[in-house]
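Participant: Sequence:
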Amino acid sequence: MSTDGNVLIGRDVELGLLLGVLDRAAVEESPEAGIALVGGDAGIGKTRLVTELARRARERGFLVLVGHCAELGDSFPYLPFVDVFRDAMRDPQIAPSFRRAVLDRPVLNRLLPGATPDDGGMAGGGGLAQQQLFGAVLGLLTDLADERPVLLVLEDLHWADRSTRDLLTFLSRVLQRERVCLVGTYRADDLHRRHPLRPVLAELVRLPIVTQFGVPPLNHDEMAAYLSSLGCGGDNEDVIERAEGNPFYAEELVAVGGGAAGMTTGLSALLFNRVERLSEDAQQVLRVAAVAGRTIDDALVRQVTGLPDGQYDEVLREIVSHQLLTPTGDGYRFRHALLREAVYSDLLPGERTRLHAAFARILAGARGSAAELAYHYLASHQNAAALAASVEAAREAERAGAPAEVHRHLEQAIELWESVPDPEAQAGTDAVRLALWSAGAAADSGGSRRAAAQLRRVRDALGPDADPLVRAEVNERLAYYVSDTDDQEFALAAGWAAVEALPPGPPTRVHADAYATYARALIWSEKHHEAPDWARKALEAAHATGAGGAEAGALATLALYHEVSGDEPERCEELLEQAAARAREAGDLPVELRATFHLARVHFERGHLGLARTTADDGVRLALDTGLAWSNYGNDLRFLQMLVHYVAGEWDRAEALADGFAIRVGSVPEAVLSSFALFVEVARGNPRAAERLPWLARMWHESYFLAYLGRGLNAELELWQGRPERALEHVRALIARLDEFDDRVLRISAIGLGALAEIARRPGDPDAAREAVREADELIERARRTNVVGPFQYHLGIESVAWLKRAEAEWLRVRGEDTPEVWREVTDAFDFGYVYEVARSRWRLAESLAAGDRRDEAREQWTLAVNAADRLGAAPLREALRAFGRRARLGEDGPGSPHQVLPTLTSREREVLRLVAEGRNNREVAAALFISPKTASVHVSNILAKLGVTSRTSAAAIAHREGLLH
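First residue of the sequence shown? That's 1 in the numbering used here, and the numbers climb one at a time after it.
Keep in mind the hints are simulated off the structure, nothing from the lab. Fair warning: there could be bad hints in the mix.
Label-pair ranges, simulated between beta-carbon atoms [stated by the list, open to error]: (1) 368 x 462: 49 to 57 Å; (2) 524 x 694: 31 to 39 Å; (3) 526 x 774: 19 to 27 Å; (4) 610 x 871: 16 to 24 Å.
As the structure is a computational prediction, the values presented were derived from the model and not from experiment. We treat Cβ as the ideally placed atom computed from N, Cα and C, and that holds for glycine.
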């Protein structure tokens, strides 16, 4: 009888789902990355299923990478990825291309076996290092997928460490069009209500690229077939009934003979029944192996057992022949985690403690992993050694760019503190310093509130005799973390407590940080006028102590004050340039990215588009080169880069950048980035806008900035589609949430007033017109109040001034009182380089001129607007201009009419247009031309833009009219 158990039976549906994800990722021309999450009870056959998937993936030419989480894995950051890297570097067929991809990203050296503390330089610790690592892993997968599609399997995610869970979430969100398929398995029966994987799964299943399903028990016939494949003849009804559809349980029942004892005992006892058939030496080796974990280092277990080599090898052969352990590269693995759990749970308390102590002793001598050492010290109740090992494990996790694990190890050390004599000697630091480190790690892993709560407790516990510098540092860090939670009043109070606690004497880095943090808090308070003095104090202290990063940060803060106050705008730009340069000299990448973003933004808001473009392009290049394209400031630079090209009228470049912004978003930062794509998509009439908006709308309640972008551009889309009432719904929702002096009200008001003008000018509904005038009067007053100097003396930027003028002009249009002079002012206001808004303003200027019978001037402005719309590919504007041109008899179609545009279509575009005119959808067009539906969609979008129309129906009408079908 065979008990191989590698046959896959009864999983056609589940395998079909996985193969579907696999095949979509393998498409050459238009791949769709896919994530599959496979749950199921222990022993149900998840591993068999993904093993079969891996076999078929290799047959299809995939590069298959497999990593395993372990029960001890919560202490070991990125454990399954370390597993992947180790196996890939050993595989002669994979290693060359894998090694090349890793060499391009030194940060990834942290995941290689035997990595040392100096491997893979990070630009900083904590969260930034993690962002670099995440970006590098994404880049690695993308590079590998350029050569051939990749299947990445992560097994046993219920044991995954926090950093692995975060990396899985990151990849699930950002993978879109790469030839990558990621499959994760987890035990569904282990996911109790507070299990950390539960919220991750709940978040991921919202993403459209994620497929989740459970592996069900085998039915009666499938179980009978499975037992037959194991070589079991005769009557198996008792086994089938007892196994309850679980293949592993069935195997174990078969292995013990399926007798009466097997029929009445639980699975744990059943598994141990097999262990008891081994010799005494073999049972002892298996017990030692169970303490080691599911994956067993052969040399380590050999030392702990103390058996002579020959005897040890014979014992291992016995265990392997009974199919309890399976050989791997450097050791062995329990055939199933349930087996390891059964053996471990059978250990007596004293025996378990003794074995853990033995592992700790050997690992300490071999200088093994500090996290593993801490685990064994804790399990053997050696608290002092566990404290020291936990602190060292935190250092290891910090070098690996895993702040969540840093925090976990330090929390463990803090919990042990009171139980250890002379804990400072064991930890190499004091309790306050440990808490500061722990809070920093918490903040770096996204837990600013947790960090602030921890430091509140530390601050409250400080006695009256505490070192003033320590008191200042605790308050400064507390103020810094609280500012991230938007409690500005508390941040200001904590910041003042920090500077008040500073001792006299030579400045230190704590002085520099305290002054800088307090200055930042002051900027947004009623005492903002005090901010420059404190920022200058921070500069002096940073310069005196050689703290280049702190000096750069203080320069950036001082620049922000000059921007907010509105005085010396040139000084703001100078300070940001100095901040970026100083940060570069100091090697402080976070501050360099921050300063570069704000410098590009200030250039942009002052209308210096050329400088803004160059600075943003340089910033994005820096973020990409350092693996930080997905960090906060990396994202900010990417959307600003796109926006600058959009405003400057470089729409092909803007659309190419926007095409890289995910549509199917799963977090607010991703949604903000995605929202910026709507600028060019709405203005060009690109159907992707309609696909993108539903994903964004789900998160509008989570972020006002996100709602401002998404609702504002959705309102513009509704206006272009002739639905001003629906546009107003978005405007009203935004206005209700805006602060009184928020200058974002200006753009939103202009859009709303434009919608009200459309309603007021409709013939035959005087009541609606009167109501539109009433609402317009309220809206313009709200916009005008923003131009009054607010409590922070904020002055409007050049674009905000233009939007205010647009709002005033639209208000007059609602009342029927707009004049060419008003619209000429609007046109001039946007003429700092905003090509599209100048064209839209010329449209209204031409309308006003035509209404005053100034036809030659109207035709001139209309022609300029049409030419700009053609150049930009602004299809909705082009269509509106054509309609106005016909009404005002300025020209039948104007420059760029369809009969002029059709010859410019490529041969493929003409083929696509013929099929569209026949009424075919994108999928049918794709099938007819042997291209992907995605490519067909791009062709259709380009055709609509070239023809200056927004619908397939209009394009078809042009094709018929121009005789393209004959």
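Participant: Evaluate each hint against the coordinates.
Facilitator: Against the structure, the hints come out as follows:
Separated by about 37 Å at the C-beta atoms, residue 368 and residue 462 break the suggested range of 49 to 57 Å. Our hint of 31 to 39 Å for residue 524 and residue 694 holds, since their Cβ atoms are close to 34 Å apart. In this structure the supplied range 19 to 27 Å is violated for residue 526 paired with residue 774, their Cβ-Cβ distance being about 35 Å. Range check, residue 610 to residue 871: about 19 Å between beta-carbon atoms, so the 16 to 24 Å window is met.
Hint violations for this structure: numbers 1 and 3, all remaining hints satisfied.
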